[in-house]
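My request is simple: use the sequences and hints to build the entire structure.
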Amino acid sequence: MTIYEASFVPLLDVRDLVVRYGRIEAVHGVSLTVGRGEFVAIVGPNGAGKSTLVNTVAGLIRPARGTITYGGLSIGGDPARAIVQRGIALVPEGRQVFAGLTVADNLALGAYGRFFRSPFLFDGAMRFARGRRTLQQDAERVYTLFPKLHTLRDRNAGTLSGGEQQMLAIGRALMSDAKLLMIDELSLGLAPIIVREIAGHLQTLNAAGLTVLLVEQNVNLAFSLAQRVYVLEQGNVRTSGTPDELRAQPDIRRIYLGSPIEPATLPATPTTTTATMTTSTMTAMTATDEGAGRV
Amino acid sequence: MFSAFGQYLVSGIATGSAFALVALGFVAIYRVTHIVNFAQGAFAMLGGYIMSSMVHRFPGPLAAVIALVLMAVIGVAVGWVVIGNGRLPIIASLMIALGLSILIEGLCLSIWGDIPTTYDGVGDKAISLGGALILPQQILVVVAVAVVFPLFQLFFNRTYIGKAVTACALNGRAARLVGIDPRTMALLAFAVAAVVGGLAGILTTPLQPLTSDVDVNIAVNGFAGAIVGGLISPAGAVIGSLILGIAQTMMAGYFDPSYQLVVALLVMIAVLVIRPDGLWTGSPLRRARTGQPDISTETGAKPA
Numbered sequence: 001m002t003i004y005e006a007s008f009v010p011l012l013d014v015r016d017l018v019v020r021y022g023r024i025e026a027v028h029g030v031s032l033t034v035g036r037g038e039f040v041a042i043v044g045p046n047g048a049g050k051s052t053l054v055n056t057v058a059g060l061i062r063p064a065r066g067t068i069t070y071g072g073l074s075i076g077g078d079p080a081r082a083i084v085q086r087g088i089a090l091v092p093e094g095r096q097v098f099a100g101l102t103v104a105d106n107l108a109l110g111a112y113g114r115f116f117r118s119p120f121l122f123d124g125a126m127r128f129a130r131g132r133r134t135l136q137q138d139a140e141r142v143y144t145l146f147p148k149l150h151t152l153r154d155r156n157a158g159t160l161s162g163g164e165q166q167m168l169a170i171g172r173a174l175m176s177d178a179k180l181l182m183i184d185e186l187s188l189g190l191a192p193i194i195v196r197e198i199a200g201h202l203q204t205l206n207a208a209g210l211t212v213l214l215v216e217q218n219v220n221l222a223f224s225l226a227q228r229v230y231v232l233e234q235g236n237v238r239t240s241g242t243p244d245e246l247r248a249q250p251d252i253r254r255i256y257l258g259s260p261i262e263p264a265t266l267p268a269t270p271t272t273t274t275a276t277m278t279t280s281t282m283t284a285m286t287a288t289d290e291g292a293g294r295v
Numbered sequence: 001m002f003s004a005f006g007q008y009l010v011s012g013i014a015t016g017s018a019f020a021l022v023a024l025g026f027v028a029i030y031r032v033t034h035i036v037n038f039a040q041g042a043f044a045m046l047g048g049y050i051m052s053s054m055v056h057r058f059p060g061p062l063a064a065v066i067a068l069v070l071m072a073v074i075g076v077a078v079g080w081v082v083i084g085n086g087r088l089p090i091i092a093s094l095m096i097a098l099g100l101s102i103l104i105e106g107l108c109l110s111i112w113g114d115i116p117t118t119y120d121g122v123g124d125k126a127i128s129l130g131g132a133l134i135l136p137q138q139i140l141v142v143v144a145v146a147v148v149f150p151l152f153q154l155f156f157n158r159t160y161i162g163k164a165v166t167a168c169a170l171n172g173r174a175a176r177l178v179g180i181d182p183r184t185m186a187l188l189a190f191a192v193a194a195v196v197g198g199l200a201g202i203l204t205t206p207l208q209p210l211t212s213d214v215d216v217n218i219a220v221n222g223f224a225g226a227i228v229g230g231l232i233s234p235a236g237a238v239i240g241s242l243i244l245g246i247a248q249t250m251m252a253g254y255f256d257p258s259y260q261l262v263v264a265l266l267v268m269i270a271v272l273v274i275r276p277d278g279l280w281t282g283s284p285l286r287r288a289r290t291g292q293p294d295i296s297t298e299t300g301a302k303p304a
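Chains E and D are the protein sequences, given in the same order.
The letter at position 23 of the first sequence is residue 23 when you use this note's numbering, and the numbering goes up by one with no holes.
The letter at position 208 of the second sequence is residue 208 when you use this note's numbering, and the numbering goes up by one with no holes.
Heads up, none of these hints are tricks.
Just a few of them, taken from the derived set where beta-carbon distance is under 8 Å, the chain D residues facing chain E:
#, residue
1, T166
2, A167
3, N171
4, R173
5, A174
6, R176
7, L177
8, V178
9, G179
10, I180
11, D181
12, T184
In case anyone wonders, no lab produced these hints; they're calculated from the structure.
Note that the Cβ used here is the ideal one computed from N, Cα and C, for glycine as well.
So this is what it looks like as structure tokens:
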């Protein structure tokens, strides 16, 4: 643990986390911290357990062992709805917008957890009836951030482009009143120019006080955005530190930053992971680790 | 000959409307859970039986409201057992639903006996409709569908909770991430299904006395109607049910009444062979949905 890590009380504190899918262990004792207002990135090859880690924090998967603490409270093993109510929102891999519902409906449903806090719908319906106006105000705030969504607000979310869907997925997550925003694969399947635009918005949000935990295949992008980076390999934290500290490590340089070409300018050849990755989760799940060194 | 056709058509629409209510119940549950609720016929039967006990104590409309409230409670209870902890395989839920419907049959037999049960409807004087005779009770069934179907659509497409249910059907994982509890939504679907199914039973019992084995017939007819809409489209389910009702009445009128159920089975087989996804695919769900819905509240191993 670096001095930097020890010197602050983290907002999110994951300790010795073990996650299993049946008999297969995907995360073997990972510890990481995210400070209030920090922008932290997790990088690593496919299959390193990055998505599993954030999915577990989000409550989609139950940890087998270890603790997850958020703002001093233990949240490990809590259901997803309890997690989002506490202020942790996940923008899942592949965006996962509600295709078939409009953009406005997608945003409105992002706030569901704020109103429906218990499984008893009546209670939530009352809170919704009282809080309707704040819903509209919060949607306006998202539209201010992503003006494009405002013009698309009555469109079926399934018909949006990848970049627009990513904006919508981030907007939907923000609607939950998130204090900690986790994003799984921001750049996956998106044109570099769109990635840069959305990354800019994330930096704006972070500057305004939002804590961000970004899972990213594109190491250069992650290093340019984050204040601290964790390198995950095969379910373990290989190393962590500020981007400058990591750049100074020869093996990290060689494996992750080996390409002298900026990933944004790489041609869309079949060997370029970033450019050819589709939005489907299947690709990420079945792809091998071989492309990881190139991004 | 023509007047006979008109008569069969009118009767068929009334019969089909009753199927439509049951079919909407199948759709409500299947959309969210991918479970074909084998207890849907039992919901209709129970609705009729409960009404038969209420109708002598309270005025008709009040008795119906009480019966429907009870049905909502029963629906949640059945759903709670069928869904289990939310991690059951679909096939297990199907078996539980089937078992529960047999249990409900047995309970009905022991509570209401084996003598066919009925009560008076809204009037027994047939009204002439362009030469075709129709009972006021039959008109009531058609009106019920004309009211329930738009309400059903309004609920799932316009209200916040309804949209949350739809979101759950569209993408269970994303629904969980925004704080929607898929299990609550599934229970809500069961309540809705029990109410519309119960309404079918309440309205049709004066036309056709109840016995405790009628649920299978009701379920087969409702399912055959719903499968036309691929089990996910409410509009498809209503259209399918009306077509099925008319086809059955025609079959009974022109050929032999004992082949009525055969028509339902033929429709079912034909749809499943030709277009397993349903003939009427107006719903965005069909195009948007991928894989099984995620109704579990958590996956993976429990904490040690």
